[in-house]
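Visitor: Residue numbers (this note's numbering), protein chains in the order written: chain A, 1 to 107; chain B, 108 to 293; chain C, 294 to 1286; chain D, 1287 to 1702.
Treat the hints as calculated values from the structure; they're not laboratory data.
None of these values were measured; they are calculated from a predicted model.
Incorrect hints may appear among the rest.
Here are the simulated SDA-like pairs of lysine to any residue, each with C-alpha atoms no more than 20 Å apart in a straight line [stated by the list, open to error]:
| # | chain 1 | residue 1 | chain 2 | residue 2 |
| --- | --- | --- | --- | --- |
| 1 | A | LYS12 | B | ALA253 |
| 2 | A | LYS12 | B | VAL252 |
| 3 | D | LYS1690 | A | ALA33 |
| 4 | C | LYS430 | D | LEU1387 |
| 5 | C | LYS408 | D | PHE1295 |
| 6 | C | LYS967 | A | ARG28 |
| 7 | C | LYS984 | C | GLY966 |
| 8 | D | LYS1420 | C | ILE1149 |
| 9 | B | LYS110 | C | GLY1087 |
| 10 | D | LYS1440 | C | ASP1263 |
| 11 | A | LYS49 | D | GLY1497 |
| 12 | C | LYS805 | D | MET1302 |
| 13 | A | LYS12 | B | THR247 |
| 14 | C | LYS1039 | B | ASP178 |
Each chain, written out:
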Amino acid sequence: MLTLECPYCGVKAEETELQAGGEAHLKRYGPGASDEEFEGYLFMRKNPKGVHFERWRHAYGCGKWFLAARCTATLEVFGTYPAQSTQPPVDLQAKIKAKRPNWEGYK
Amino acid sequence: MSKAVSALGGASHKGFAEVAEAGLRGMITVRGDLSSAAMKKAVKAAAGTAVPAARRIEIAGDKATAWMSPDELLVMVPYEAAQDTVAALEKALAGEHHLVADVSDARSVFTIQGAKAPEVLMKLCPVDFGTLAEGEIRRTRAAQVAAAFWKSGAEEFTLVSFRSVAGYVMGLLEVSSRAGGEIFPA
Amino acid sequence: MSTRLSKGGRLIDRSKPLSFTFNGRRMQGYAGDTLASALLGADQMLVGRSFKYHRPRGIIASGAEEPNALVGLGEGGKFEPNQRTTTTELFDGAVTASQNHWPSLEFDVGAINNKLGRFLPGGFYYKTFMYPRFAWKHVFEPIIRQSAGLGKAPTARDEDHYEYAYAFADVVVAGGGIAGLTAALAAAKAGKRVWLMEQTADWGGRAVVDAIEIDGKPAEDWVAETVAALSAMDNVTLRTRTMASGLFDHGYIMGYERVADHTPGDGRPRHRLWRIRAGHVITATGAIERSLSFAGNDIPGVMLASAVRDYVVNWAVSPGDRTVIVTNNDDAYRTALALLDAGLVVPTVIDARAEAKGALPEAVRARGVRVLAGHGIAKVKGGKRVTGVSVCIQEGEGAEIEAIACDAVAMSGGWSPVVHLWSHCGGKLIWDADRAMFRPDPNRPATGDDGAAMVTAVGSANGHLTADEVLTDAHKAAGGEGKAPAAAIEAEAPMMPVWIMPQGAGPALRMKMWLDPQNDVKVSDVQLAAREGYESVEHTKRYTTLGMATDQGKMSNINGLAILSDALHRPIPETGTTTFRPPYTPISIGAIAGEARGDIFQPLRRTPMHGWHETHGAHWEPVGLWRRPYCFLRTGEGVHDAVNREIRSVRNAVGLLDASTLGKIIVKGPDAGKFLDMLYTNMMSTLPVGKCRYGLMCSENGFLSDDGVVVRLSEDTWLCHTTTGGADRIHGWMEDWLQCEWWDWKVYTANVTEQYAQVAIAGPNARKLLEKLGGMDLSKEAIPFMEWREGTLGGFRARVHRISFSGELSFEVAVPASEGRAFWDALLAAGEEFGVAPYGTEAMHIMRAEKGFIMIGDETDGTVIPQDLNLQWAISKKKADYLGKRAQERSHMASPDRWKLVGLETLDGSVIPDGAYAVAEGVNANGQRNMQGRVTSTYYSPTLNKGIAMGLVKHGPDRMGEVIDFPVDDGKVVKARIVDPVFFDKDGEKQNV
Amino acid sequence: MAMRRYSAFAIAKEAMSYHLGWERAWGSPAPKKKYDVIIVGAGGHGLATAYYLGKNYGITNVAIIEKGWLGGGNTGRNTTIIRSNYLQDPSAAIYEKARSLYETMSQDLNYNVMFSPRGLLMLGQTEHEVRGYKRTVYANNLQGVATEWISPAKVKELVPIINIDGPRYPVLGALYQARGGTARHDAVAWGYARACSGMGMDVIQQCEVTGVRTEGGKVVGVDTTKGAIDCDKLGMVVAGHASVLAEQAGFRLPIESLALQAMVSEPIKPCMDVVVMANTVHGYMSQSDKGEMVIGGGTDGFNNYTQRGSFHHIEETVRALIETFPMISRLKQLRQWGGIVDMTGDRSPILSKTPVEGIFVNCGWGTGGFKAIPGSGWAMAELMARGQSPLTEEFSMYRFREGKFIDESVAAGVAH
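This is chain A alone, in the form it adopts within the complex (with noise of 0.2 Å):
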């Protein structure tokens, strides 16, 4: 059972205090957009079997979103940070490919 160390209050909360929200990062398109960029927002997730940027919400605790580099092979957690984020951090995304060299990076 997974813990996360929420960012906004600092607790290490436990899987039942968290909510799990898919892939973090993702685009929104609304109208206008094309039905492959559509579909490609809503349903063609990396599912990576690897590094992985996702959503967490702390929902038994402050309520927050933010989000998380996991490694979904291990569980390895590499760090958390604030949903107000367009991309990882970079010094989180150093860390990461320090730890997995064969990592391809973010995007």
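Given chain A, put chains B, C and D in place with the hints provided.
Guide: Coordinates of chains B, C and D only, in the frame set by chain A:
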């Protein structure tokens, strides 16, 4: 206001710790910029406390202010004072982007008293009581519902839940404090 | 004969005799006994029957690895099947019964399977019982089910209670033997918060049985001192009777504490399931002795050598007067010494190794015991009890060299580290050829949330089998300062792997060598699996059921792997092990459920008026975690009658509905209007202050997800009502968009659902009733339809909305929840003269259907878009975007062929059954009857005295007046006409007054 | 390799020689250079696809490649439930096809897969659920799936250990499929493997695909840990790892991989003959022929490739069932395990052509794959052999783009 009653009418139960519904309490959700001067002033005027730091609760007599999230506080006052406090907060925060909502009737408050009070909560909440600081409010879950608690006395915890599940929470507390259920018997 | 010795027994208290029964026979044991030791002490070696062949089964082991000695324990609400006697402490008055036999343990009809055993090899059922086709279900399977299954099913409700508890520690040590104690002490001295748990009631593990010396003291004293030292440290938590049952990701380890199994009825929780978050886990879980595979090794009286020693030393029980020892290692000689010390006879030690010249064998020889090196057992003699062994050359095929009479056999095939916890979360193993064991690979441990190792194995769990190595390893691994405790030990000669005894045994003997005595898996079965291509260890396990019994193969899985490897001519590590899954030994399902049973099995949400409903005939309907009155039953009234009465009362007088469960969310801020315009399909930013507007919300995938009335409270504040089930979900949904997508928008939300009790007062007399309470002007002019006002009503602070879900003149009034019950009482009192009656959710459902209003969850099911429900009027054409808009432009959603909402009226006035489908001509490509629509809501309308329904029908709105067919039960067809969905008061004359 | 017939007679004959004469159930060949069809994944779905390619279309130059051991994935990790009481037409069609094939599978394969149509109940415990299940019954009757709505009394008769008067969620009735039930999961994979091998196909275990080779938008072969193998057509049938394999072929799937857990109790004497699903509380239970109570519930919420789940899901499932089946409180959990399930956007499977010509994909069975195995194989074989199949028509991977979902969540809330 004799018409206003708490969910359980002050029910209590004595096992290896004493658990009780503590009756009505004025509670006000305040959302806004917690670092703003107006907020500091408003909270000081309403509750007599400073704006608490993250995960902290500031207590001043029968009033208190608890940090709920980076943009939310819970101001606690006597039940009868809630409406006036709402009005005062609204006034003090006018002009700032904020939200003030009276939630006094949406919550239930419980106390857990006794030397072994933590053992009651240890059965229900995934919280490390060994590192729980004085003056810390912990939002978490109690078994299957949301709850928040803090150490409110030398041998006392205060726990807040939603009003609708007051009966469930009391059931949890009662079962968890049953005599013989001490986790660390003397 | 097994018997209680006249003296000794370090764990029993002879001053406290306890009585118990086994199959109705009264027996006696002592405080400190396990059920197994007490049974043996009472000469009850035969304790059960095996799974497949129903062969007689005796006690083999003394701990968690015991495959045979399972009993039904207790009666009624305290009965539990499959209780492992070796790990169950005896208590006074215990009622036990053996399992899996009929009619009796001594004479079991099922043992016919034993005679047929030759025709029932591993996996035989895959090859037969196929013809005729129906016979599997009706003939063969029932027989197999009946003869399998071990214990009886409990029937009564559990009388005990259970609980969870949470703990946190820097270091969690699993196992209270000398390794665990050493590691815990080292970690504690380093200032770590330490949690140490031991599955049995006693500290010390094997070392105290073997009576070794540690730091110059008897192990027993050293253990007592160490435990005392740990107890004195406030950074240490010690827990006996607590088994580390499983290790999960991120250092989550379960501790299964059997609080009151040994003191039933004392009011304490029976079990407590500890959920411990560990910074690091040290597994000091010891090792388990392996059986040897020789013919007849399953006959009662054949036991593990270490178990024999345990019974003699711990409980003063001798399994037999004459015990032959058979071994491939030196450790088993300790059993010989223990037996000799107790005054028992060891006729011979049979040692498979070519020579046995270590200190221990020599010590045994010195006591006058014959040691036969290079030999093995060809066959055990006896049926329900050992009577002797036939000795052979280990290198040979099993020809009898001599026969030795004995009543017990103590066997040792070497030791396997207990690697379960190490492995649960992905820790890997390596094969140690010297010691013939899989042990933890220190380079491939399970990793934690930081990616670093989260488990360390120490002591014999790490492959160290002598006390000095164990202590050094544990001390070092836990970061101990200074010198490790030291043990004085005899040097042991190397063991020799022996997988089959004798090594050249032919098929007849191999069919009598048990690997899994509970499931009846033999050496020949594993070899058969290999022969047939079930090469993976998982295949073999599943094909033969090896290791799938309740002991999960703790004693002999390795033997099976070795035999499989041999059969496939590949090295053992290439075969590998099956996956170790939690729990280590079975844990009660009661403990897993914890406190959640009875009234608190799930939260029940109650409105402030819940208590009134309860005492006034509420027939409940669960709605999410709430319970709402479906209707209020009066004495002698049926549900249907009550619903109709309630509807008539609303339509003709006035009714009260507890609507407190409806979600209420405040949305406030400079961008709140913009935000709500994105959230709702309609325009909410233009709603004037003081007014209400019905709104729809869709998922980003376009489907209708919630609806409700939105109230503009002030210039920058809206109050959004949601469905009962939607409150938390929609609030979360709002926060999701505000926090993760539009975080620069200035909007705050607050879920104030429970702040208010809300009551719908509906019916022609509604206004009169409220006016009687007084305090507000509720005239049509003062508060027109779809507007709201705030004020004081009968002394209650109230927000009054003029909205209607019933089609009647209706007010929804919100008051503070704490005053909800008083307000409800006041309404009832004031309404008496106006014929007021409370109504439930079903009356509400029917009345809204009479009005053609949709209901989320009835007209919608997650596949319906607003356009399907002809709700275009609630979809703003002016907005460039709203959640779900793009989705609704996709080809299938824009298709004119979607099923659309219509009213349905049966030709004969009957009610269309719930869920019925309308058929079209012909069948589709898969031969399924074509359909053209379905019913979404269907009721008897007491107002109109006929059946009414809504449904989704292909091209429905264009087909008004057409009659379509709904095939229903028993081949009948209901014919229904497509009509307008508004059945009652089409012009709204009743509500707009 | 020619297959020797299994029967009681054969067993009796072999017993005389200590069963030393049995042959391998399937071969252990080295890969050939080229096959007409390669199926990646020797789980139930992959093996069934190969089997029906051979049986229905005479295509036998087929390799089934498996990175581990055959049947070692979700085929051997599920709770073995078989039913076809689905709401939507395309689902009902393929699951009923599967269920009907299960009826005769033991005889077709000459391998006893122990299909046991012991009956399956979905409890109605709220009015809303009752309405949903009645709807399913009507739909099923038009779809040719035999289901009925039964009373609480009948539920109690079928399931004596159930508490139908639970204070919170009394049993209001049940959706009953009399010919639903269970089968022996491993045997399904083994039976198909033996039959495929008997038709001359190569089941190649311990062989991992490391790359997919295409030329001009068309598949030409795969690279594996046992070397390159050419093929004309490639079927990807790898459940939880579908995304990983698709990426090797250069396209993406609307799939997420999640852990699903289940557990068994210690075995007890027969006490429940039917399969019971309680969707309101999110749990289901059956009793295996060994006597274990087989219990399952919902999936974890986060992407996961570890085949391990979080313990609190087991707790939730057990808590859910303990008021409906009070007797389980005094049983013990023997073992819990997890598998990786592949979830699509509408929780229905994908059986589809792909952007690469010659590559076909079969995935997304989520929590319900076992029951579909023969129907899935039948349909996939038709799709691969003929280029289309009425059974797969609606399960295209492109349906998400059109907004044309097959949503069963209306009727079934739990994983199974």
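Visitor: Run every hint past the structure and note whether it holds.
Guide: How the hints compare with the structure:
no.	hint	verdict
1	LYS12(A) <-> ALA253(B)	holds, 17 Å
2	LYS12(A) <-> VAL252(B)	holds, 19 Å
3	LYS1690(D) <-> ALA33(A)	holds, 18 Å
4	LYS430(C) <-> LEU1387(D)	holds, 16 Å
5	LYS408(C) <-> PHE1295(D)	holds, 18 Å
6	LYS967(C) <-> ARG28(A)	holds, 17 Å
7	LYS984(C) <-> GLY966(C)	holds, 14 Å
8	LYS1420(D) <-> ILE1149(C)	holds, 18 Å
9	LYS110(B) <-> GLY1087(C)	holds, 12 Å
10	LYS1440(D) <-> ASP1263(C)	holds, 19 Å
11	LYS49(A) <-> GLY1497(D)	holds, 16 Å
12	LYS805(C) <-> MET1302(D)	holds, 16 Å
13	LYS12(A) <-> THR247(B)	holds, 11 Å
14	LYS1039(C) <-> ASP178(B)	holds, 12 Å
The earlier numbered hints are all upheld by this structure, with none contradicted.
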